Amino acid sequence: MTEHPDPAGPRAPRSEPPRDLAGLQRRLAEFAAARDWQPYHTPKNLVAALSVEASELVEIFQWLTPEESARVMSDPRSAYRVRDEIADVLAYLLQLCEVLGVDPLAALAAKIDRNEERFPARGAGPDAPAGPDGPDPGTATEGS
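Residue 1 is where the sequence shown starts when you use this note's numbering, and the numbers rise one by one after that.
The calculated EDC-like cross-link candidates involving lysine to aspartate or glutamate, where the alpha carbons are at most 20 Å apart (straight line), are: (1) Lys-44 to Asp-103; (2) Lys-44 to Glu-56; (3) Lys-44 to Asp-88; (4) Lys-111 to Glu-98.
Calculated from the structure, these hints are not laboratory results. These numbers were taken from a predicted model, which means no experiment stands behind them.
Work out the full structure, taking the sequences as your base and the hints as a guide.
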């Protein structure tokens, strides 16, 4: 196939988009600003949108067996849907962090530190949970 020149002239090479959180937050903010969406990006609206997108991710897994859910990424169509919904959840979470002035990596690091204190590893001390009576690992991020 022969490439035809663009009648508008040569285009500047597209730079590689940022893959760091700050760069992605900047791209999201620029995207919203170019469309005059900032008035709608209130904490309340962003949290609601985040909840909706998280629910759309849940919907993909809702009626799957545990075994089927473990294989969801092996089907190209479901893998695409999962990646797309994860991107939506992350986009709204990053926008919410930007609006509230929260550093998401610092918040996560602090949360992990608190969870390590609250839920010590087995054998990490005399009061460490030892067996089925210990906390459910799935609840390690509940509460504050």
